[in-house]
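Start from chain A and add chain F according to the hints.
Sequence lines, in order, name chains A and F. The first sequence lines up with residues 12 to 273 when you count with our numbering. The second sequence lines up with residues 39 to 323 when you count with our numbering.
Please keep in mind that the hints were generated in silico from the structure rather than gathered at the bench.
Listed next, the stretches of chain A that the computed footprint assigns to chain F, with coverage defined by at least 3 CB atoms under 8 Å from CB atoms of chain F:
hint : segment
1    : 89-103
2    : 118-128
3    : 134-147
Backbone N, C-alpha and C define an ideal beta-carbon position, used for all residues, glycine too.
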Amino acid sequence: MTPPPDEAPLLTVENLAYDYGNGRGVAGVDFRLWPGEVLGVVGESGSGKTTLLKLLGGQLVPSGGRILYRTAAGEVVDLHDLPEGKRRLLARTELGFVHQNPRDGLRLAVSAGGNVGERLMATGARHYGRIRAAAEDWLGRVEIEQGRIDDIPATFSGGMQQRLQIARNLVSGPRLVLMDEPTGGLDVSVQARLLDLLRGLVADLGLTVVIVTHDLGVARLLADRLMVMQGGRVIEEGLTDQVLDDPQAPYTQLLVSSVLAA
Amino acid sequence: MSNENGYNFAYLDEQTKRMIRRALLKAVAVPGYQVPFASREMPLPYGWGTGGIQVTASVLGPDDVLKVIDQGADDTTNAVSIRRFFARTAGVATTTRTEEATVIQTRHRIPETPLSEDQILVYQVPIPEPLRWLEPRETETRMLHALGDYGVMQVELYEDIATHGRIKRSYDYPVEVAGRYLTAPSPIPKFDNPKLADCPALQLFGAGREKRIYAIPPHTPVRSLDFEDYPFAIEHPGVACALCGDSTSYLDEIVTDDRGGRMFVCSDTDHCGKRRDEDRNDAAA
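In isolation and in its complexed conformation, chain F is listed as follows:
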């Protein structure tokens, strides 16, 4: 599986991929459980997606079509670099169209276009441990996971309501996967949390620096933590995208001048572009 420029297919050597796939199998078997793995040095710094890249490299085959997004956009530095990295080291086809991709590596977003059963969504995770800021000892957090003892996270949400009158946490909103493990969904906005549940695609999470892999298998129940009298709710600025007019997608706020001018546009560039193309075609027809 090597090609002439000296790299093994998809950069990682086969033994490493094998090790990562074993971790992935375990992660899929125990939804939401953080499986340790021997994370490798990658040719980019920690925090730029080393975990996601290793997972992608391990699941990628020659016939796959890869899409990489960063904050929903296909054209940001990180997304472009990672896409080009796999185009060069694996020679796989790449795309920006969500429905054409078989493997989607993402940072911070789940695509607006509904995913299908033959797709894999790979998340880049900076901090896989949802209890990290609540309990400093890893030995203790592992014990809490083992015992399913998650009261401390509820205390954190209580504090939010006591201080702000609502659960203020707007990204990396903790979820309970398959009724068991408390899991950090990586820094996706809580707007995307409902898409985690019962998703037809396989969702894999890789944390390179923290050396952890976890997964949400297809059609797994995922519950965002909340209180009975303060149920989980997503927030929307209440305006439509300034470019495509979608009023239900996740929006980025863009400051346009220094006199308070701003516009809201879709964070998912592929979704926004597709809608604008459709509008143009309708106008031409």
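So here's chain A without its partners, still in its complex pose:
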């Protein structure tokens, strides 16, 4: 997707680096992300995909470089330069983070309704009826029966937990959603349903998404643009179809040719 020239990027990442202390991590990552764009990040295990996402989500502090984010108010802020309070507020209003393992992103001892309502309550909602109505609405949108609103997520299937995690993130109307292998660990039919749902939500809400995956099918289905990582660096970048149909880097060629045809 070519960016409209008059619009400023939502996210600007400049020379981002993180070192785990053993020379591994990510280095020299540069990219820009425009509103409404879905960026796929693919690469082998250990290539730094998740590290990159954690840096964007604020779970890790970069050892170099900057992450500039344009807030809803139009202000450009460095995510790691913000005071902790502001950063947390931003993280629970304008940002979403979908973990690979839904157990990392959910409160397992709290009912589905409470999980969805948490962001609302954290930003000052104090009307039980309205919080519950919002939770019911979102459970419906991610195809969880409303009768299960008071059940705890531990009683949910893996696919339901993942959908609940998505609802919990989207309830605050975020502008940028970071997803770490949202379909990992799910069987193919559940994966297909989740992808369908995600594609619908992304289109309906006009979300900007960074999605990390090692599944090229997921990348092709969801992503407008693709970044291929290897050894902590971005080795290829371009439109999804372009990268997948005409890979340039040797590793990308290997990756594309390794996909099994069903």
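Structure of chain F alone, referenced to chain A:
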């Protein structure tokens, strides 16, 4: 300030009291904030009121009159032992009458008799951190306090309503002190929560095992957390005390036999006794 039996006045040495008073001053200056202090070993086990005793020892002067209550009663083991402890180590006068006391150490109750400006109420606190069961990391709870980020407690109350149809939590009901810090009022019944607000007496909270002191200064606004459509409300069994006939005090349920017999009596023994004395005097007059 020592007496002949070998103890310093009120058991603790003066340097320790000084350290605790510094913590108390900070606690009063920042209402509801948990101030760390170097809690000492006391001659009784943790959980029996070591925090309260250290605070009482630090604020007690020779002219003070001490009252100690446990679950509202003056005559329970804990209350009797602590009262006798200070009578022996500080030689202060003790009383069971709320209005005569200048320092009241309490566990689980606020006296029914309204407190006055020249009184200090000292609470024994088992768990000072209201977020303890919601966030296991102390580093994180301190961060949440620093940022005033208390949504997680609201989630807990949401869960209560979702499960039970109302906020079920009946003791240690979380409060917001002076519009800022989320504070655990120690395990007092939520019936007593309204008495925390705008109280003329100084309220000090000591947690010995957890090494924290916090305070609610006189006439400080205290708000019990709730939802707009599920406002905070106290509950009462709706019967009067079987001994003194008070229908507004906090009642204990006492099982009287094994055939379902029970009676409700005031948990505040001083309050109940005073009312019965007045009734007797009225009858004699």
